[in-house]
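We have chain A already, so just place chains B and C on it with the hints.
Quick note, the sequences are listed as chains A, B and C, same order.
Going by the UniProt record's numbering, the first residue of the first sequence is number 1, and it counts up by one from there.
Going by the UniProt record's numbering, the first residue of the second sequence is number 1, and it counts up by one from there.
Going by the UniProt record's numbering, the first residue of the third sequence is number 1, and it counts up by one from there.
None of these hints come from the bench; they were simulated from the model.
In this text, a Cβ means the ideal position worked out from N, Cα and C, and glycines have one as well.
Some hints here could point you the wrong way.
Stated by the list, open to error - In silico contact screen, one side only, chain A against chain C (beta carbon under 8 Å); selected entries:
| hint | residue |
| --- | --- |
| 1 | Tyr117 |
| 2 | Leu274 |
| 3 | Arg359 |
| 4 | Glu361 |
| 5 | Ala362 |
| 6 | Glu365 |
| 7 | Met366 |
| 8 | Ala369 |
| 9 | Leu372 |
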Amino acid sequence: MIDIFKDWYEHRHDYAKEWKKRTKGEVVGYFCTYAPEEIMYAAGILPVRILGSHEPQDVTEPHIFGMFCPFCRDCLAQGLKGRFDYLGGIMLSQSCLHLRQSYTSWQINIPVPFSYYLPMPHGVQSKRAYKYLRNELETFKKAVEKWLGKEIKDEDIDRAIEIYNKNRQLLHKLYALRKSSKVPLSGMEAMYVTITSQMVDKAEHNEMLEKYINTLTDRDVTNDRVRLIFVGSEDDDIEFIKMVESLPAIVVVDEHCTGSRYFWNEVKQDDDRLMAIAARYIDRPACPAKDWPELTRLDHIVNLVKDYNVQGAVLIQQKFCDPHEFDMPVIEKKLKEMGIPSYNIEFDVTVPIGQFKIRIEAFLEMLRADELF
Amino acid sequence: MSNTVYKTEPLKSWEKAKELRLQYYKNYAEAKDKGGIRWAGGAWTFDAIPAGLGNDVHSLTSEPYAASIAFNKELSLKCLEAVESKGWARDICAYIRNYWGSVIRNEYAFGGPFPVPDFIFQDHICCSHAKWYQVVRHLEGDIPMFCVDISVGPYHELNDSRLDYVTGQLMDGIEWMEKVTGRTYNDEKLFEAIYDECRTTSVWAEVCCLNKHVPAPLDEKTMYSLYVLATLNKHGKEIADYYEELRDEVKDRIARGIAAIPEEKCRLITDTQPPWGFLNVYRHLEKYGAVSVGSLYVFGLEGIWEEQEDGSWGPRRTPQQLGITFKNREEAVRFYADWNLSKPQWQHFYDPMLKVEMMKRIYKEWKLNGIILHYNRGCEGLSVGIAETRLGLIKAGIPVMTYEGNMGDEREFDETKTFARIDAFMESLSLK
Amino acid sequence: MISAGIDLGAKTTKVVILADNKIVSQCLELTGIDQAQTAEKALSNALEKANLSRDAVNFIVATGVGRNAVSFANKEISDVAADARGIIYLLPDARTVIDIGAEEGRAIKCFADGRVQDFAINEKCAAGAGTFVETMARALEVDVEEFGKMSLRSTNTIAMNAQCTVFAESEVVSLVHAKTAKEDISKAIHDAIASRIISMVRRVGVEEKIAVIGGVAKNPGFIDSLKRGLEINEILIPDEPEFTGALGAALTKA
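Here chain A stands alone, though its shape is the one from the complex:
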């Protein structure tokens, strides 16, 4: 059953092209999970997240200075190589500086009919952010309407919110199964599911996800392994999680924007639909770039560690990601106080699996030291 999600992941472009042909709708690539997908979906657009392909590349060097993260370069590389040639539009909901460059370079070098920069507030802890974002969403909605030449009606938005919320509920349900001492799915399998929810039509994803959850009853893949949490930046590195889970470890939960941070909270329906959507994005578990003055991520991570009975943490960041680098030592300290050891890993476009395996093995040995004595 997981093969369906795996297939979507591996053939995401084929899926999008096929979807486009089937529905005659537009596909819009978004760069950061703060994109208000509901508005696009309501307009009949398929929003797809632009992610890298984890292959070494040499096309972005003239466009993005090497001090910026490998992820933003990998994303741009996909555009420069023509892999997203089916996109009718691109949009960025103001992200970190790194990823912002994938968008601006894309806009300059790979022009598409619709390109939109939404100045998503960074000050998400300010009460002023709600009204401001609500107004920005209205401007965005108008721009989409103008591009497509059609009005986005209230009932379209309601339907989009409903489908999106449903997906969030299902993903929550899937994650909750991993709290058990008998974990029915691997971290890698969970990764395939959450990542593909950012690639395929949510209605279709919901349908498959519901079926998939039903197949998990009585399944147990725990096999007496150490329960880990992955904390950090963008992570769709299948090779890495596969390697980790080939060792006596199982990833039971994550705090990534490709994972739990993406779907954690729902839109609370309200007559002012745009305000409801704005509130959802402002109140979601924050990206470190927007998480200030208070570091609210800490509580989120602490809760996950407790709820999922975590024994160790792997702290993952894209190389050169300043926002994550600010937080890491603070998170490490907090986890230590809770008695949860952690290990830091820096991701590049491709990771040295051999070297990292040695490190993760040493980390797991530290957690299971008794077996060596």
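Below, chains B and C without anything else, positioned relative to chain A:
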């Protein structure tokens, strides 16, 4: 290119600039002795806002303070290593690593232990800005912190809702400040501070414009020591007054034919902060008769500009010049937010092409021969989009040289190779 | 009870044989292309030295980067665990181990019983590892052994700006051209490497006593820089630091 030899002479007001700078750091350190208030924030923060708390309120701005540390290589290395030892990565913003190092080592670069601020008042456009101080709080205990999000898009797309957002936050900031200091806020003092800040930042743009003159009366290296005053205390009356004095002196230099360097054969600008420990890069340029007449950085970080009637770039008219007198707090704060949002150095955050356009204009109006881009590993904010900036300038037919370095971590700068690059660039401009 | 520990490293393979937790034999071989064969050879040489037959060995534990190639091992453990275990056996007072191999530097904090408390490994960069020393010695045109000693004769402290191998090499060349004394350059280089390592050690927390193992342990210039940087007087170095990992493996419960 001419072979004229121009007269040069040191700036008369140079000593005063030095004094103002040292006095600033002293004021901060000693504020508490006199019952005053100390606060910390970035060089871009809205520093006129805390001025409403009284005349005995002194700030420490992070970037210029960190640059002072970076200039002292030995101290800088100790600070950077102290930060790495605590687990923070080597590639984080180099300014704040120097600053944190000074906090961790409890060593104030101007003598004595590090003076802890009473509160933090910061703004946020670069992803690091608010995070800097979040870590400071982590290191120094829970210092009250307020931070204003100004990432509302480029100025030419500013609308009421966006301006409301920034204004609203600043209004909240004032209430918050009253609460954490227990002081009553004085709007009159705020108005004065805003008038002065507008004067400082507008007159600074005027000074920069004087460098359109051939030969340039100022070189960028000298301008660093002057513009820095605005990064410390741009709302300070003494800074605004000093800039007026400076402007008059520079005008006088032009009238008397005084140049920054004796043989001006080539005019350049740079981009982003220089590697502060290696300002000899500019001396190396001078060997070729090349003078950097400024940069978008030195012009637009603290200068506020607008298009003039003749279509050229010049100082933005101050409220005083426009005959505006503030009637209430909100009106003043709103004007103040708008003033700052027009800052040139905030525009490129949204699109590298906006930077290209500004640089093309400087290239033309300041009569340049080329542009040097510092690919600065120490600053994400000013290096953002720099590779596209390079491509855009090349497309516009402007000779461009790049070199890699770091404004505050000398371990990432290769002096020999940089000089070799400059030699090659000078050769390509037929200056060898 | 006889146990064997095999440390299959990138450059050399080490074997330690224990009889009731006492070292009875050790052996070092260059790691060939065929790692399995090297392991086999090193083990039989060590057994021969101790006059033991293969059957007498109760269990074998492998460590090192090539540990997967030791197909006859009963268990595998990481270098980190092996280092900690080995050092406590050799130097019971050690609490922090610094292991600097050719391409990797590690700092390990251990408990008194040899368990790992915390560890850090340098990132993908040669500037904190043995190869950096070799590259710099080459740039200075002195052999590696002399390079370490001459650092101690330095009379001036100069700072190295660059810490990336490539940058540093060009900086060394400029210093040579500027007629800077080789002794002073050597010291500056050792200080620079030590500072990288020290940052890593401080991350896991400095706890005395500190032991250094790995090839660089035998470089007096580096040890001197490390002492000054950590502001400590004493650094422990086992007599044969290269066997620490194999020893730790042999001590591990199969």
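Note to self: Quick check on Glu361 (chain A) please, does its C-beta sit within 8 Å of some C-beta on chain C?
What the structure shows: holds (5 Å)
Item checked: Interface restraint verdict for Arg359 (chain A) against chain C (beta-carbon cut-off 8 Å) -> holds (6 Å)
Checklist line | Restraint check, 8 Å cut-off on beta carbons, for Ala369 (chain A) near chain C | finding: holds (4 Å)
Check: Hint check: is the beta carbon of Glu365 (chain A) less than 8 Å from a beta carbon of chain C?
Finding: Glu365 (chain A) check passes; min Cβ-Cβ to chain C is 5 Å, inside 8 Å.
Notebook entry, point to check: Given Ala362 (chain A) as an interface hint, is the shortest Cβ-Cβ distance to chain C below 8 Å?
Noted result: holds (4 Å)
Check: Taking the closest Cβ pair, is Met366 (chain A) under 8 Å from chain C?
Finding: holds (4 Å)
Checklist line | chain C contact restraint on Leu372 (chain A) - CB to CB distance below 8 Å | finding: holds (5 Å)
Next item on the list: With a cut-off of 8 Å on the beta carbons, see whether Leu274 (chain A) makes it to chain C.
Entry: Violated - the Cβ of Leu274 (chain A) stays beyond 8 Å from chain C, reaching only about 44 Å at its closest.
Item checked: Supplied contact hint for Tyr117 (chain A), tested at 8 Å Cβ to chain C -> The hint is violated - Tyr117 (chain A) has no Cβ within 8 Å of chain C, the shortest such distance being about 34 Å.
Violation of the numbered hints given earlier is confined to hints 1, 2; the remaining hints are satisfied by the structure.
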